[in-house]
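Chain Z is already provided as a structure; the job is to place chain X on it using the hints.
Taken in order, these protein sequences are the chains called Z and X. Oh and the first sequence: position 211 is 211 in my numbering, straight run, nothing missing. Oh and the second sequence: position 330 is 330 in my numbering, straight run, nothing missing.
If you're looking for bench data, these hints aren't it; they were derived computationally from the structure. For each residue, glycine too, the CB sits at the ideal point set by N, CA and C. Please note that the accuracy of each hint is not assured.
What the hints assert, rightly or not - Computed, partial: chain Z to chain X, Cβ under 10 Å: (1) A55; (2) P83; (3) Y95; (4) I111; (5) A307.
As the list claims (entries may be wrong) - Computed list of chain X residues with no C-beta within reach of chain Z, every gap over 12 Å: (6) R112; (7) S199; (8) A200; (9) Y364.
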Amino acid sequence: MTVAVRVQNLKKIYPTDEGDVNAVDDVSFEINSGEFFTLLGPSGCGKSTTLRCIAGLERADGGEITIGDTLVVSKQQGLFVPPHRRPIGMVFQSYAIWPHMNVFDNVAFPITHGSDRVPKSEVRSRVMTALDLVRLGGLENRPAPQLSGGQQQRLALARALVREPQVLLLDEPLSNLDAKLRDEMRVELKELTQRLRITTVFVTHDQLEALTLSDQIAVMRDGVIRQLGSSEEIYATPNSRFTAEFIGTTNLVEGEVTETSGNSMKVAAMNGELVCDAVDGFESGGKVIVAIRPEGLKVSLTEPAEAENTFSGTVEAVIYLGDSLDCRIRVGEDLLRAFVAPRPRIAPGDSVFISAAAADCRPLPLETSSIELDDTEAAAVPSQTSAGPAIIA
Amino acid sequence: MGVIRPPARLPLMQRVNIGSQENVIFGGLGGLLVLLVLLPLGILLFYSFWSVGPADSDGTFTLTNYTSTFFDPSTYRLLFNTLVFAAGSMVIGLVLGISLAWLIERTNSPFRNFAFVIAIITAGMPPLIFAMAWVFLLNPRTGILNMPFTVGLGWDTGIFAPYNLGTLIMVEGFRVTPTIFLMIVGLFRSMDPSLEEASAASGAGLFTTLRKVTLPVMLPGLLGVTIFIGTATIGIFEIPAILGMPGGVHMFSTRIYIALQQLPSDYGLAASLGTVAGLLGLVGIYFYHRVTRVQQRFATVTGKGFRPRRIDLGRWRPVAGAAIILYFIVMVAVPVAVVFYASLFEYFRVPSIAAFKDASLDSYRGLWREEAFWIAFKNSMIIMAVVPITVMLFSSVISWFVVRGKMRGRGVIDSIAFLPFTAPSIVFGLAFLLIAFWVDGIIHIYGTIWLIALAHISRFLPFGTRTTNGAMMQLHRELEEAGSVSGADWLTVFRLITLRLLIPSLLAGWLWIAVHSGRELSIALLLSTTRDNQILSALSWSRWENGRLDDAAALGIVLMGIMAVFIILARVLMLKLAKENG
Chain Z
1 MTVAVRVQNL
11 KKIYPTDEGD
21 VNAVDDVSFE
31 INSGEFFTLL
41 GPSGCGKSTT
51 LRCIAGLERA
61 DGGEITIGDT
71 LVVSKQQGLF
81 VPPHRRPIGM
91 VFQSYAIWPH
101 MNVFDNVAFP
111 ITHGSDRVPK
121 SEVRSRVMTA
131 LDLVRLGGLE
141 NRPAPQLSGG
151 QQQRLALARA
161 LVREPQVLLL
171 DEPLSNLDAK
181 LRDEMRVELK
191 ELTQRLRITT
201 VFVTHDQLEA
211 LTLSDQIAVM
221 RDGVIRQLGS
231 SEEIYATPNS
241 RFTAEFIGTT
251 NLVEGEVTET
261 SGNSMKVAAM
271 NGELVCDAVD
281 GFESGGKVIV
291 AIRPEGLKVS
301 LTEPAEAENT
311 FSGTVEAVIY
321 LGDSLDCRIR
331 VGEDLLRAFV
341 APRPRIAPGD
351 SVFISAAAAD
361 CRPLPLETSS
371 IELDDTEAAA
381 VPSQTSAGPA
391 IIA
Chain X
1 MGVIRPPARL
11 PLMQRVNIGS
21 QENVIFGGLG
31 GLLVLLVLLP
41 LGILLFYSFW
51 SVGPADSDGT
61 FTLTNYTSTF
71 FDPSTYRLLF
81 NTLVFAAGSM
91 VIGLVLGISL
101 AWLIERTNSP
111 FRNFAFVIAI
121 ITAGMPPLIF
131 AMAWVFLLNP
141 RTGILNMPFT
151 VGLGWDTGIF
161 APYNLGTLIM
171 VEGFRVTPTI
181 FLMIVGLFRS
191 MDPSLEEASA
201 ASGAGLFTTL
211 RKVTLPVMLP
221 GLLGVTIFIG
231 TATIGIFEIP
241 AILGMPGGVH
251 MFSTRIYIAL
261 QQLPSDYGLA
271 ASLGTVAGLL
281 GLVGIYFYHR
291 VTRVQQRFAT
301 VTGKGFRPRR
311 IDLGRWRPVA
321 GAAIILYFIV
331 MVAVPVAVVF
341 YASLFEYFRV
351 PSIAAFKDAS
361 LDSYRGLWRE
371 EAFWIAFKNS
381 MIIMAVVPIT
391 VMLFSSVISW
401 FVVRGKMRGR
411 GVIDSIAFLP
421 FTAPSIVFGL
431 AFLLIAFWVD
441 GIIHIYGTIW
451 LIALAHISRF
461 LPFGTRTTNG
471 AMMQLHRELE
481 EAGSVSGADW
491 LTVFRLITLR
501 LLIPSLLAGW
511 LWIAVHSGRE
521 LSIALLLSTT
531 RDNQILSALS
541 WSRWENGRLD
551 DAAALGIVLM
561 GIMAVFIILA
571 RVLMLKLAKE
581 NG
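With the rest of the complex left out, here is chain Z:
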């Protein structure tokens, strides 16, 4: 596989009244040709800035960017290729459909006025192909402002694809759609990018979009990539408290490492002992946080015969979700959340036993700096609570 986009040590600094802010701070990644790559993170994490640097809409303050075989940004060499000379197509959050043009002219613009112009005779067929691709065929003479939100979105996509770019850049393209349309477009986008096998860089704050669409996800925070991996790696084996909390719902249990041996480690937590799959970098006696997903917890009224990590607790609250129960269970100091089958029915006040497989217990380093999600971040991830089980199911 060839590398379609390479970002090396990218830096972007914004001067503010309170001094410089590192919007993007030494970010590096590579995207293989045909891959769907997602930059995921809360607002202000630098994901959009990174994308805009790839597009050339922002000038990097350091690092290099290569698209295909061409170096487009190199601070060291003083090189900056302006956006109109980069082989890209881009869809904006606002769609940026030109209201003074009709649908056809919007799509035709890149191949009639851009750097990749095609002969006049070809324009029509190219535009029609692009419109058919996004299922807007037949609407070419419609004035652009008369399109619905979803149609404008497709139009923006057709305009980005018509010049057959090497890289498709998507800046939160789904965030302005209503929930139902967003689900439809997500499926369509996945299908389209897979069919075209086009290298795609996707920016979102929505973990569900990221998990369902991506081949690779870069989780960003404060201008830094916190974790890079496939959807499954990011969800199942988060490497930080931030990633664990930002993606899906998770229980965090504080403890102390008591033993590390081979491929398992023991943690003193919840007035007992928790056995986890071993992760590098932990030593006996060190503080640790163990992340356990709510669907990783098994709950039973009687003590299970053979189960790892069994604790007894008391049910404090139960929310009926139809296909499952969302339970809060008190185990010592900790309040754990678990998604369990609706039968047998568990009620508040019941004494229960919970257990979790060692593979579902993920030890994480104790983060000292600002580990709480602030308000804006919490607001940016509205579907956080319900998305977890849907992914695994």
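Structure of chain X alone, referenced to chain Z:
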């Protein structure tokens, strides 16, 4: 992961950014601004410190111009007059303008649309017509308002007199009312009416709400309007020239004019007075910027189209209607009728049955046959065709760099483009006159219409950039970025996307500048030195000075007609555009 290849090398042109389109245009822009704004103002400053005028050689650096200006008590009289004049007319204009705006935007008063149309037309009326009309109305012997005393009681003179500071203030106050009204209507429209409704729901009456909620919320905006119009009033020439000079009431603008009209012209005095007036303007602008910055922080402007519930005036409705009709009579009907009436007689006659028998259109026929009229007409058309379009295009480019650009120095560019606002128009006339003398050996521009056009472009640039800065901020950045990532270069994006989307604002700014440029007098007064570069407003003025009141009035009416045609055409075009885009 793929093989890591060494990055490909690019041709030199792509590596070095100096040659990029934006930078070339940005550099050109800076150069043009220096030529158009800094050079004239710099030359003015130079001559304020120079012992002789441009016609004489061997001058030296001197402070005499300033010392003689500041040791002369009449300068302080001038300063006092100008400040009282500006303050007084602003009070009148604000009271009338706010009342009218409130009636039209917030109540169910009758004739609302009518009043709006009237305001737009009067805002475009040449100040010259306004001043002339009040002379015809208030002249002690022949003034129409003095008729009850002169004709009725047989007195020698009536009780009204035009040539004093009080009349100046009243007439200027009336003149600025429609402009103030139009700006304040904008403030009302951008204010959330639920603030007023909350007050009403708390049990506050109509006037309590107006006093305690509406006006305080609008205060920063009102201050901005006041300073903006007030600074312009300090520079107005026509009103003090026609109503002030005969009575010895002088303002900065008229004093500068006199210093240049006398023989030999006192360039040093004119330049130093101009510099002082410009500094006054700078102070005004400083406060204007401070106030508008506060306004931006005020949460009243949301950009949402509010549809306020109108206040029911009840039994006051007919009173409001009568007030609007009275406004129309005083502001439009009477001045235009009086000036038209005056154009019908070779010498101004007190209206009577006998006088009407002698009425004729001879002055219009005379103008029709006169070559000088057609030259002035052609030149006015050239000015109105060239100046507004150039200013709006130039402003669009400036605003792009100011609002969108990332270059260093764009703030400076913005300030330079706004600088001409601070100085009275006549100062621009003087500055470009001095430039024309200077460059005469290189390019002959002295005495041509192009010199006037250049001075107008410089003069009206701030009005253009105010419009385009605001419009550019409203334009979503991504619309242009979508063009760049589509592969279009800067100029293509600017031409096909930015300018196209700015058209409604450009049209509004174009109309404003066309009207103001077409009626502008004081620049042409200093620069229309030959028969070939006369324009209509200057021709009207010279006929007035020579006592040909009928020709002056007829020219005023012609000018007014041209403005009306321009305004109507532009509004039809705007409505058509709004319909297409809506």
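Now the hints, each set against the structure:
1. The interface hint given for A55/Z is met, as the beta carbon of that residue sits about 5 Å from the closest beta carbon of chain X, less than 10 Å.
2. Using the Cβ-Cβ criterion of 10 Å, the hint placing P83/Z at the interface with chain X is satisfied: the shortest such distance is roughly 4 Å.
3. This hint holds: Y95/Z has a C-beta 8 Å from the nearest C-beta of chain X, less than the 10 Å allowed.
4. For I111/Z, the suggested interface contact is upheld, since its CB lies about 8 Å from the closest CB of chain X, less than 10 Å.
5. For A307/Z, the shortest C-beta to C-beta distance to chain X is roughly 40 Å, which exceeds 10 Å, and the interface hint is violated.
6. With a least CB separation of 30 Å from chain Z, R112/X remains clear of the 12 Å interface cut-off, as annotated.
7. Non-interface status of S199/X relative to chain Z is upheld: no Cβ of that chain comes within 12 Å, the nearest being about 32 Å off.
8. Once the 12 Å rule is applied to beta carbons, A200/X is consistent with being away from chain Z; the minimum gap is 34 Å.
9. Separation of Y364/X from chain Z is adequate, the least Cβ-Cβ distance of about 44 Å exceeding the 12 Å criterion.
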